[in-house]
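Chemist: The chain contents come next:
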Amino acid sequence: MEFLGYTRPDGQVGARNIVAIIPTVGCVNAVALNIEKLIKGTRAFTHHQGCLHPPQDTETVTRTLINLGKNPNVAAVLVVGLGCEMVDFDRIVEGIKESGKPVQAVKVHDLGGMLETINKGAQLAADMVLEASKLRRTKQGLDKLRFCTKCGSSDTTSGLSSNLVVGEVCRLMTENGGTFVQGEVCDIMGGEYALKNLCVDPAEGDKIINFVKDLYDRGTAVGADVRGSQMTSGNVAGGLTTLIEKAMGANAKGQKVPIQSALEYGSRPMCAGRHIMATPGHGFENLTGGAASGAQLILFTTGRGAPNGHPCIPTVKLCGNSKTNVTMQSHIDVDVASVIEETETVEQAGKRLYEFAVAVASGTLTKAEILNFDGHMEILIKGPVM
Amino acid sequence: MKKYAKQIVEKDNVATCVADINAGDEVYVKIDGQERAYKANAVIPFGHKIAVKAIKTGEFLYKYGEAIGKATQDIAIGDWVHTHNVVDHYEVV
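Chains D and Z, in that order, are what the protein sequence lines are.
By this note's numbering, the letter at position 366 of the first sequence is numbered 387, and the numbering carries on one by one without gaps.
By this note's numbering, the letter at position 43 of the second sequence is numbered 91, and the numbering carries on one by one without gaps.
The following block holds chain D by itself, in its conformation from the complex:
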């Protein structure tokens, strides 16, 4: 099996060929959205961060914006700044340029307002779209694929079918030299020691333990025991008995594949294989973290039907709930209720999902893309907002 993708100057291979408009700060989202509306082939990566953060969050936002620009689905980048934001505009521009792809930049204070910036930015974006449209997909090895994963609007079927099926893809793709990025620290909680035992380097396992402790401590700081909000009364009514059981169902998205590293939010893995990133469960920030890892697409498991996608990477929705597969048919890409109905094994469904994901990497559209249900994203900050 191989896929068809766009080779980038740094050797990464894209599944899409978008010109990204990246605001350095939420204050200029309107500029980015106007350019997106004017120029075909562009996507605005709007967010609400970039200013009045503690230094740690400023660093996270900067790293994430650079790595979104470096994502191989992005052919070229227009960076849009205001002029007084806390993140370092030049560092973001230069950081993305390291990838070798075309990067242009406009700043609202320098150009004298929104309309002037839209005018200049749209012209630059139009030129980059024309150049990007001259690129062609070529045959690529499966080792170039990097998938991230998430579960959302989960139910009992998630841990019994869709997560197991993604776990099979994790096994298959890493055997083929690919890269798999898993996260959701809130869902790991209760299963962090099982993940630690899978780490090839114990020091990376300790980082995973600390991801969970950091989440727990931040909950405690605002007077909340996050274990309680993780294990809901709805979970118990649905049949989940313990937090560990819930965590193991989430961890199943990587089966027992060895873990190479624990990644800070929005950073890129340094080698192939399976990795754990400190992403939250909340979808908007989660998907952005996965996109910043350099993944071409996300395998998104759902039980009740989470419809949203992400502007940088296609989201493949798979669902093991036969009822949801009917009622939310317009949002679900891959039906894996067969695993629950015992008409297909996890191995068979995993192979089917892998083949579909490879097709998406080659250009097949996902439901969220077709519906334009993929316009919104956010970047994780830990606060306080000042």
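By construction, these hints were calculated from the structure, which means they are not laboratory data.
This structure is a prediction, so every number in the text was calculated from the model and none was measured.
No incorrect hints appear here.
Derived lysine to aspartate or glutamate pairs resembling DMTMM-like cross-links, with alpha carbons at most 20 Å apart:
#	chain 1	residue 1	chain 2	residue 2
1	Z	Lys59	D	Glu368
2	D	Lys228	Z	Glu139
3	Z	Lys50	D	Glu363
4	Z	Lys78	D	Glu362
5	Z	Lys78	D	Glu365
6	D	Lys277	Z	Asp80
7	D	Lys277	D	Glu368
8	Z	Lys51	D	Glu363
9	D	Lys372	Z	Asp80
10	D	Lys344	D	Glu365
11	Z	Lys118	Z	Glu139
12	D	Lys403	D	Asp246
Where chain Z lies over chain D, by a calculated footprint (3+ residues, C-beta under 8 Å):
#	segment
13	209-220
14	229-238
15	253-260
Backbone N, C-alpha and C fix where the C-beta goes; we use that ideal spot for every residue, glycine too.
Starting from the structure of chain D, add chain Z where the hints point.
Modeler: Chain Z in isolation, oriented as in the chain D frame:
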């Protein structure tokens, strides 16, 4: 129609029911290409667990091949397994 429960790996001592089970129902479990039947000792709702091995007080429950909780009383094959007979042994360091 046969009622199934999903056992993830052979090591597991519980399986998750994917149908509403009545006391006395036969519950079928497919594992490693084999099908086994267990008689349910109680009502077990969809999504809840049935014991497929006997579990003594203090022993671990296994699902996904991992310990997910500890039995607070002796659990027989076919019993409903949930918060009334299991305790979470998880603690944040």
